[in-house]
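Relying on the hints, combine the two individually framed chains into one complex.
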Amino acid sequence: MIVKTIKVDQLARVEGEGALKVVARDGVVQSAELNIFEPPRFFEAFLRDRMYSEAPDITARICGICPVAYQMSAIHAMENALGVVVDGPLRDLRRLIYCGEWIESHTLHIYMLHAPDFLGYAGAIEMARDHADIVRRGLDLKRAGNSIIALLGGREIHPINVRVGGFYRAPRRRELQPLAEELKRARDLALATVRWTSSFDFPDVERDYEFVALRGEGEYPFNQGRIVSSRGLDIAAAEYDEHFEESHVEHSTALHAHIKARAAYLTGPLARYALNAASLSPIAREAARDAGMGPVCANPFRSIIVRAVEVLYACDEALRIIDDYEEPERPAVEIEPRAGTGYAATEAPRGMLYHRYQLHADGKIADARIVPPTSQNQPSIEEDLKIFANAWLDLPDDALRHRCEQTIRNHDPCISCATHFLRLDVDRGG
Amino acid sequence: MKRIRPKLAVWKFASCDGCQLSLLDCEDELLEIAGEIEIAHFLEATSASAGGPYDLSLVEGSVTTAHDAARIQEVRKQSRFLITIGACATAGGIQALRNFADVREYAAIVYARPDYIQTLATSTAIADHVKVDFELRGCPISTRQLVETISAFLAGRKPQTPPHSVCVECKIAGNLCVMVGHGTPCLGPVTHAGCGALCPSYNRGCYGCYGPMETPNAPSLSAWLGKLGMDEDALKRVYRNFNANADAFRKESERHDR
Numbered sequence: 000m001i002v003k004t005i006k007v008d009q010l011a012r013v014e015g016e017g018a019l020k021v022v023a024r025d026g027v028v029q030s031a032e033l034n035i036f037e038p039p040r041f042f043e044a045f046l047r048d049r050m051y052s053e054a055p056d057i058t059a060r061i062c063g064i065c066p067v068a069y070q071m072s073a074i075h076a077m078e079n080a081l082g083v084v085v086d087g088p089l090r091d092l093r094r095l096i097y098c099g100e101w102i103e104s105h106t107l108h109i110y111m112l113h114a115p116d117f118l119g120y121a122g123a124i125e126m127a128r129d130h131a132d133i134v135r136r137g138l139d140l141k142r143a144g145n146s147i148i149a150l151l152g153g154r155e156i157h158p159i160n161v162r163v164g165g166f167y168r169a170p171r172r173r174e175l176q177p178l179a180e181e182l183k184r185a186r187d188l189a190l191a192t193v194r195w196t197s198s199f200d201f202p203d204v205e206r207d208y209e210f211v212a213l214r215g216e217g218e219y220p221f222n223q224g225r226i227v228s229s230r231g232l233d234i235a236a237a238e239y240d241e242h243f244e245e246s247h248v249e250h251s252t253a254l255h256a257h258i259k260a261r262a263a264y265l266t267g268p269l270a271r272y273a274l275n276a277a278s279l280s281p282i283a284r285e286a287a288r289d290a291g292m293g294p295v296c297a298n299p300f301r302s303i304i305v306r307a308v309e310v311l312y313a314c315d316e317a318l319r320i321i322d323d324y325e326e327p328e329r330p331a332v333e334i335e336p337r338a339g340t341g342y343a344a345t346e347a348p349r350g351m352l353y354h355r356y357q358l359h360a361d362g363k364i365a366d367a368r369i370v371p372p373t374s375q376n377q378p379s380i381e382e383d384l385k386i387f388a389n390a391w392l393d394l395p396d397d398a399l400r401h402r403c404e405q406t407i408r409n410h411d412p413c414i415s416c417a418t419h420f421l422r423l424d425v426d427r428g429g
Numbered sequence: 000m001k002r003i004r005p006k007l008a009v010w011k012f013a014s015c016d017g018c019q020l021s022l023l024d025c026e027d028e029l030l031e032i033a034g035e036i037e038i039a040h041f042l043e044a045t046s047a048s049a050g051g052p053y054d055l056s057l058v059e060g061s062v063t064t065a066h067d068a069a070r071i072q073e074v075r076k077q078s079r080f081l082i083t084i085g086a087c088a089t090a091g092g093i094q095a096l097r098n099f100a101d102v103r104e105y106a107a108i109v110y111a112r113p114d115y116i117q118t119l120a121t122s123t124a125i126a127d128h129v130k131v132d133f134e135l136r137g138c139p140i141s142t143r144q145l146v147e148t149i150s151a152f153l154a155g156r157k158p159q160t161p162p163h164s165v166c167v168e169c170k171i172a173g174n175l176c177v178m179v180g181h182g183t184p185c186l187g188p189v190t191h192a193g194c195g196a197l198c199p200s201y202n203r204g205c206y207g208c209y210g211p212m213e214t215p216n217a218p219s220l221s222a223w224l225g226k227l228g229m230d231e232d233a234l235k236r237v238y239r240n241f242n243a244n245a246d247a248f249r250k251e252s253e254r255h256d257r
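Chains as they are written, first to last, in numbering that gives the first Met the number 0: chain E, 0 to 429; chain B, 0 to 257.
Here chain B stands alone, though its shape is the one from the complex (with noise of 0.2 angstroms):
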């Protein structure tokens, strides 16, 4: 008898592309996840598409036009669960930085004819407009975290994705404190881990690709960096990044902005 596999799909927003890449990383595991699961709409890897309704969704990208925020209600509908793949996704991109600007003024920055340009004034991760089952953060997501998640939905577990800081992560990982032992500053203490505490263990501070982590201090920590020459512009800049609309990371760049 033939086995029914679950459903997967893969759909896109306003993004690089690079998360669901991520899935097209996974060298080793892509022909085994295509042997548990039906790849069944997957647009950057197969023009075959079949239609939903389907056991899990995953998807990249956020919220920047009519279009797109009526498209994810329709996603929502088609799928059992729901996870988002990314810091597009989780907390709006970097594309979010036009929620602390007047759009019309980056249209005609960019664009010979705004006129011609249809957005809206802010990018949005999805769980603004629909429920979202689980969130894998990361501005790329980890294809070992992605393996891990995929693996949970098959074994209807929860994926395990600690929720603790890159600090943690540098602990595991034997590397001198960057910010201690060099005076670099890192933003590692408010970050949520899953990277492997990549920047520090190439002797750089942590920037902030996935987020912030459970319960951050950034105000503290913003107190640390302008002890090591950090000023006020560049703290605001600092947390205006890939999750500059993540509510922790929005806030405290707020306070510095003047």
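Isolated chain E (complex conformation) (with noise of 0.2 angstroms):
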């Protein structure tokens, strides 16, 4: 029998921390595990007793590199325990600030956490010493997206003006119009971002997933859609329970999703991409076109691009917005507490992220539950690793430990909302 071991402590340029596992027996994976340690912090169970309008605010907390997407679920799942419509200019500042989210999650993951995979380098400030201008594009670009979360929320991270029946304080028209100059630039960054992403060489792999994204009607999803899957899946959020089921296994404290009686699925970018190409701006989808993309991307190293082409549609969706803006006549709609459940999803950038709440007549939350993209994708995770890593097991320790972690780093795993700790662990046999 042929034994070899490999380790690494902690893997890098994650969100979090986690560690992972690969047992080989005589050059055949026997089994993958993305074991995740990041301590648990209890959300759900603290909710309990706290009023429907504290959630966006505690659940932002789940997650300082996507605290929108938590803003945004949980004020959708809220409205909808409440019976509350918010449309109009509200919805679009929603989307609006949601762009912001993409443009600053994606393009920190691109330029900072995943491209240094491609081109060799441990991160994005080793990059810059060769490549400055190319870290100070990602930089600008990224910016572009803070710019709008700091103006619509406050600030970057944690934005203040989120709440349940919409914000504190709608921005007025002229106060956009400077947003409206740097997103012009912006998408021109994102634009050679694309072209960039797509000069990278990319291993021949392709994996047969069941996407699961949001489609939304003529648009490309954030905040609203039905729950679809490439399998024929096509449900409400509220019947996501239904369909949908956790497991919790003993390496995580995440818990692990599954669609039930059938297998592991995948959401965030390629999903996305493939059940909504076509709702893409013209300028995404033509510069998608341009890079090599078929309707549907399943390879996951490729991902890369489909970011890339995420923030160039986020960005000319921003400006859209901008330019249609019309001020409301109120920030938020009134809201009467009632008793009820509440369901949502929207699409955090690394994938779809469910809440659900019951509430008591009070407004004071009964029950809480709270699926993010991570724990959603983990099994998917897993599943790459056994099926990649058979085809690597002969390449040198440090190769083939790369070439794991990258294929982890592919699905930008935020283990800060699943949870943290990646440390691999390639046991090729006793």
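Since the hints were made in silico from the structure, they are not lab data. Predicted model, so just to flag it, every value in this text is computed and none were measured. Every residue gets a Cβ at the ideal spot worked out from N, C-alpha and C, and that includes glycine. Take these hints with a grain of salt, some might be off.
[What the hints assert, rightly or not] Think about it this way: if two alpha-carbon atoms lie no more than 20 angstroms apart in a straight line, the pair counts; the simulated SDA-like pairs of lysine to any residue are:
(1) B:K235 <-> E:R288
(2) B:K235 <-> E:R47
(3) B:K235 <-> E:D361
(4) E:K363 <-> B:R257
(5) E:K363 <-> B:D230
[As the list claims (entries may be wrong)] In silico contact screen, one side only, chain B against chain E (beta carbon under 8 angstroms); selected entries:
(6) L20
(7) D24
(8) A33
(9) A44
(10) L96
(11) V109
(12) I116
(13) C198
(14) W223
[Said to hold, decoys possible] Here are the computed distance ranges between Cβ atoms for each label pair:
(15) E:D366 <-> B:L227: 43 to 53 angstroms
(16) B:E147 <-> E:F199: 47 to 57 angstroms
(17) E:H257 <-> B:E104: 20 to 30 angstroms
Printed below as a string of structure tokens:
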């Protein structure tokens, strides 16, 4: 029996901390586990007996990388429970702040976490020594996303201006104009980013994922839409619990999600693109085509191109919203507390984020359930490892370790959402 | 001759990653900072990691496991200066709400198999475990204050982070007082400055992200908040957020916990 062990204590350039264990016997991978050791923080427990209005600011603290996603899923679920519909300019402003988060989070991942893998650097700061202009382009693009969040939300991380029913203060039209100027420049940088990422060398692999994403009516999804899959699932967020289940495995403080009676599925940029590419704006569609993307991309290493296309779309969509914006009469709609259950799924940068709340008649939370994208993707990430690592077992240890880490980073896991600490532990037997 | 730069390490404990992300959010200053300081250990940004000792350690997150309680001792030993960044590291964070409850019940609510979960009954600040040289407040910290703190370290001076209340920042910003003007409950009078009076600038009451100011009079503020219609449970909750375990906020929330 061939025996070999590789260990990496900590996986870098992911949001959070986790470990990885691959077990192979006689050149065949037996199992692959992504271990998540992030200490549990118990949000669903301490949300009980808080007011419905407190959930957006509390759940934002689950993740400093995608706080807007948590705020958006929380407000939509609460509005669903309370029978409130928010539309018009307030709905557009929510899409706008979400554009900001996609630009910021995706650009962070593309330039600082993922591209160094393809270009052979330890990180963006090391990459800047040889490619200062490229790293500065990334920082400029990222800043444009942060500028949207800071203007609409008050600050980039844990924005303070989002509430159930709308906003505390709606921006004036003239406040958005300087943002438009910055976004026009950002759109050019995003287009350059699509071209740049499409020039990388990618392993020639494909996976047969079941993609799951929201599908909006004639729009690329951020806040709303039906939950659809590439194998025919088509449900409302309120039906999520009937179709998906979570299990708790010993190697992880994150729960694993599955489609009932089926298997692992994938959410995130690859899934959104496969299920919504026709709704991209013309400039984003054209850039994707020029980058050699078909209607579906099933190579997770190429997800960096899809992220770049989504950043381009988000810049373009933000400009459209700013151009069409009319100031709302009131920054928020009135809310009356009542008993009920509310459901919502929105598209966090790294995938679908589901919230469900049960409310008492006085508006206090009786029960909360949150399913972050990384818990949903974890089984698929483990399958990627199991399948891909088989072909790489003959590589030298350093190269194998790097490929395995890259396989995880392909999916931009946010382990602080799901939970932390990646340690690679390849056991080739005995 | 090659200049020897001070070595910086960034450490994570229980947290949302937002405060260390603030360093990457310094888009205008990041490459300049990296020129002045060797980023020797920062897992979220780079897989290159140089061993200790470190001249400056930035610590994010609170201590919630036995493993982390041991790890912070190691970090301290390896660090000449240790600065905590954010509400988790300086006060225990939102996860310190477990300190007011039974953590086993919490685990049973969230996990199907609570027996798989290893955690301490409390979430505590870094200063409860080791000597801390400077604390940077906020949930999240302000990037401006982070750059100021790193610059001060490099210049060998004390960082300028005024300990007065958010009220002073409202006066500087020229804001109308939301409490006097609109009757909106606001924690500004007892909350540490640093955000630039963000919430009142957006017509909202402060909700205490930066924790207690230097000499807060929370009982007096609570009496005013009561007059604005907040009941005992609301008063308890308003102090039980990201800085719930900071001394002044903890004591005041306990006064309203019956």
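task: Just pull the numbers of the violated hints for me, sorted ascending.
output: Going through the list in order, the structure violates hints 1, 14, 15, 16 and respects the others.
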